[in-house]
Amino acid sequence: MDPDSEIRVDFPPYLRIYKSGRLERLVGTDTVPAGLDSATGVNSKDVVIDAVTGVSVRLYLPDLTADKTEQEKKKMPVLVYYHGGGFLLQSAASPTYHSYLNSLVAKARVLAVSVDYRLAPEHPLPAAYDDSWDALKWVASNNSRGDGGEPWLAEHSDVGRIFLAGDSAGGNIVHNTAVTAALRGLGAGSGAQIEGIILIHAYFWGKEPVGSEPTDAELRGKMEKMWEYVFAGTSTTEGTDDPRINPVAAGNAARLRELPCKKAMVCVAEHDFFSERAKAYYEAVKKSGWGGRAELLETEGEEHRRILPASPSSSFSSEPSSSPPTIDDPNSQVEFDFAPFLRLYKSGRVERRVVPAVVPASPSAAPGGAASFDVVLDPLTGLAARLYFPVLPNAAAGDGDPEPKLPILVYFHGGAFVVESAFSPTYHRYLDLLVARARIVAVSVEYRLAPEHPLPAAYDDAWAALRWAAANARPGKFLARYGDPGRIFLAGVSAGGNIAHNAALRAGNEEGRVAGLVLQNPYFWGKEPVAGETRDAGVRGRLESTWGFVCAGAYGIDHPYVNPMGGTGEGEWGRGMGCGRVMVTVAEDDVFRARGVAYAEGLRRSGFAGEVELYETRGEWHAYFLTKLDSAKAMKEIDAVIAFINRP
Numbered sequence: 001m002d003p004d005s006e007i008r009v010d011f012p013p014y015l016r017i018y019k020s021g022r023l024e025r026l027v028g029t030d031t032v033p034a035g036l037d038s039a040t041g042v043n044s045k046d047v048v049i050d051a052v053t054g055v056s057v058r059l060y061l062p063d064l065t066a067d068k069t070e071q072e073k074k075k076m077p078v079l080v081y082y083h084g085g086g087f088l089l090q091s092a093a094s095p096t097y098h099s100y101l102n103s104l105v106a107k108a109r110v111l112a113v114s115v116d117y118r119l120a121p122e123h124p125l126p127a128a129y130d131d132s133w134d135a136l137k138w139v140a141s142n143n144s145r146g147d148g149g150e151p152w153l154a155e156h157s158d159v160g161r162i163f164l165a166g167d168s169a170g171g172n173i174v175h176n177t178a179v180t181a182a183l184r185g186l187g188a189g190s191g192a193q194i195e196g197i198i199l200i201h202a203y204f205w206g207k208e209p210v211g212s213e214p215t216d217a218e219l220r221g222k223m224e225k226m227w228e229y230v231f232a233g234t235s236t237t238e239g240t241d242d243p244r245i246n247p248v249a250a251g252n253a254a255r256l257r258e259l260p261c262k263k264a265m266v267c268v269a270e271h272d273f274f275s276e277r278a279k280a281y282y283e284a285v286k287k288s289g290w291g292g293r294a295e296l297l298e299t300e301g302e303e304h305r306r307i308l309p310a311s312p313s314s315s316f317s318s319e320p321s322s323s324p325p326t327i328d329d330p331n332s333q334v335e336f337d338f339a340p341f342l343r344l345y346k347s348g349r350v351e352r353r354v355v356p357a358v359v360p361a362s363p364s365a366a367p368g369g370a371a372s373f374d375v376v377l378d379p380l381t382g383l384a385a386r387l388y389f390p391v392l393p394n395a396a397a398g399d400g401d402p403e404p405k406l407p408i409l410v411y412f413h414g415g416a417f418v419v420e421s422a423f424s425p426t427y428h429r430y431l432d433l434l435v436a437r438a439r440i441v442a443v444s445v446e447y448r449l450a451p452e453h454p455l456p457a458a459y460d461d462a463w464a465a466l467r468w469a470a471a472n473a474r475p476g477k478f479l480a481r482y483g484d485p486g487r488i489f490l491a492g493v494s495a496g497g498n499i500a501h502n503a504a505l506r507a508g509n510e511e512g513r514v515a516g517l518v519l520q521n522p523y524f525w526g527k528e529p530v531a532g533e534t535r536d537a538g539v540r541g542r543l544e545s546t547w548g549f550v551c552a553g554a555y556g557i558d559h560p561y562v563n564p565m566g567g568t569g570e571g572e573w574g575r576g577m578g579c580g581r582v583m584v585t586v587a588e589d590d591v592f593r594a595r596g597v598a599y600a601e602g603l604r605r606s607g608f609a610g611e612v613e614l615y616e617t618r619g620e621w622h623a624y625f626l627t628k629l630d631s632a633k634a635m636k637e638i639d640a641v642i643a644f645i646n647r648p
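Residue numbers are given in full-length UniProt numbering: position 395 of the sequence shown equals residue 395, and the series is strictly consecutive.
None of these hints come from the bench; they were simulated from the model.
Since the model is a prediction, treat every value here as computed from it, not as a measurement.
By construction, the Cβ of each residue, glycine as well, lies at the ideal position given by its N, Cα and C atoms.
Do not rely on the hints blindly, as some may be mistaken.
Derived lysine-lysine pairs resembling DSS-like cross-links, with alpha carbons at most 25 Å apart [unchecked claim]:
no., residue 1, residue 2
1, Lys225, Lys279
2, Lys263, Lys75
3, Lys137, Lys263
4, Lys75, Lys137
5, Lys207, Lys263
6, Lys405, Lys19
What follows is a set of in silico ranges between Cβ atoms, one per label pair, in the way DEER data are often shown [claimed, not checked]:
no., residue 1, residue 2, range
7, Ala640, Thr31, 39 to 47 Å
8, Asn509, Lys477, 43 to 51 Å
9, Asp630, Ala232, 29 to 37 Å
10, Pro529, Ala361, 36 to 44 Å
11, Gly607, Ala471, 50 to 58 Å
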């Protein structure tokens, strides 16, 4: 296989690294040029501060023509801003940060320096820390025109009032840059001083949970691996207890008393899983013996970086100040943020921020492989599918159609009903391998996505696709050349597993029938936890709000669509299943694992007359087999699915 298409490391939906070394960022790559912002009057420009590393900053200067008083004409505080993005994504030139800094600078009347530090994995940490420190030193040393300093800084900045601010990974950088400044100083005689630090939804973590921080093993494992990844494995042996990511760990908090500033503001969001660690940071700063003033601002009902808060930063850096005007434009007010995938605005506008890559079908393939082509199933709704056929050994010799006929698999991709595609590289590669290895026919369904098409649109499309497959497998139809109409299976992963279940239930209710059902890491949930399921309020709240989002509030979290077992987990809900056997696969570290196990066990008690098989993979996360397709565990699970389908 081409190493330029084989995935070595996958951090969906952020980036992929291929075996050839090619890096593909899936979000955070858009940029906008610097210049005059007509809405705010703020001017901006880019300056390269290190020709060797290529590190640059974007400077922002408020509209000076509006200055009327002597106070307003005085030199301004300097806000050095570090963007977020997990040390992997985003830039100072991204539309998100450019818009935010324009608004903040106009309201706060500060001169801002937005730092475009180098990103991992091309430049693993501590590169971002080094660049951020260099940018601060550059600001401190460029306050004099006579010394060849940067003109905007020389004429308009008061480097005796420097504020460091950043969100997420940028908040982490703020803390670490301040610690470095305490150790090294900003240069004797420069007059530069850090007056305050502002940490917005800061990216801090640790091996052991603090407060009500999530205990979910999958989430904590991902965070541990993410830290190792951005450091390219060169971090200290403490892992996420490294003081750079866990400043409140035992032995690390002593550094807090040396913070070189008079003020510190910590901003948290109620539903952000980083909030507990940030609160612990705030408390540790207060208890450290540091002589400054610390403030904590918590935004209720919000998630990580849902709204970058301009008002706290502006009031903190330029006292006195008033709150910014409310933005009344419904086209800019966020109704629901399904970060990092999309935003739904109050006007109804949907901003898709992660558009999946698509790959073409492969109509020709060598014997032993799989051929594929795309068909439109319903021109009115746009429902489409990618069909896969195995290229059998006798195909090259023209020996005719296969006998006996092959099972037909109607497959539904995952993506929380919101993202992904039957035509994405992930699902094309998976179906290509499955069809060739299992010697089956597959119909991979491109169903409509929420929120543009809220549920039950995906369920309706699934039913239409199943009926289409059954109709086209009859004698004389083209699927009948390969497929056996008596052996149609439904399958899907995550949300696709949920869709497959509901299609099978509808088949039973409408006197139809399929041979079997394969649910891989299915997306089921409910109001009350089942045995072994996380009780973390943040996780449960996010999943409940996401369900409300994808169905536009039409169905509660205990609706049979998402909780087939109902609130009690008992009853004869499985009696109407229109299939002969069911296979459920779960992964040990998947947040949906316990619900998948409960589904399989409940199905056995629910009046279902068929066979129920439960398959578990140890030490893996949700839908791991899609991104680790070449691994031994993935192949073992795939072979178990194949055996289930091909069983007489």
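Do the hints match the structure? See the list:
1. Between the alpha carbons of lysine 225 and lysine 279 the distance comes to roughly 23 Å, so the proposed pair stays at or under 25 Å and holds.
2. This hinted pair checks out: lysine 263 and lysine 75 have alpha carbons roughly 20 Å apart, not beyond 25 Å.
3. Between lysine 137 and lysine 263 the alpha-carbon distance is near 20 Å, which keeps this suggested pair within the 25 Å criterion.
4. Taking the CA atoms of lysine 75 and lysine 137, the gap is near 19 Å; set against the 25 Å cutoff, the hint holds.
5. Only pairs whose Cα atoms come within 25 Å are accepted, and lysine 207 paired with lysine 263 is rejected, the gap being roughly 29 Å.
6. A C-alpha spacing of about 38 Å is found between lysine 405 and lysine 19, which places the hinted pair above 25 Å, so the restraint is violated.
7. Between alanine 640 and threonine 31 the Cβ separation comes to about 46 Å, which falls inside the hinted range of 39 to 47 Å.
8. In this structure the hint that asparagine 509 and lysine 477 lie 43 to 51 Å apart at CB is violated, the actual value being about 25 Å.
9. Checked against the given bound of 29 to 37 Å, the beta carbons of aspartate 630 and alanine 232, roughly 22 Å apart, lie outside it.
10. With their beta carbons about 42 Å apart, proline 529 and alanine 361 fall inside the hinted range of 36 to 44 Å.
11. Look at glycine 607 against alanine 471: about 30 Å separates their beta carbons, and that is not inside 50 to 58 Å.
In this structure, the earlier hints numbered 5, 6, 8, 9, 11 are contradicted, and the remaining ones agree with it.
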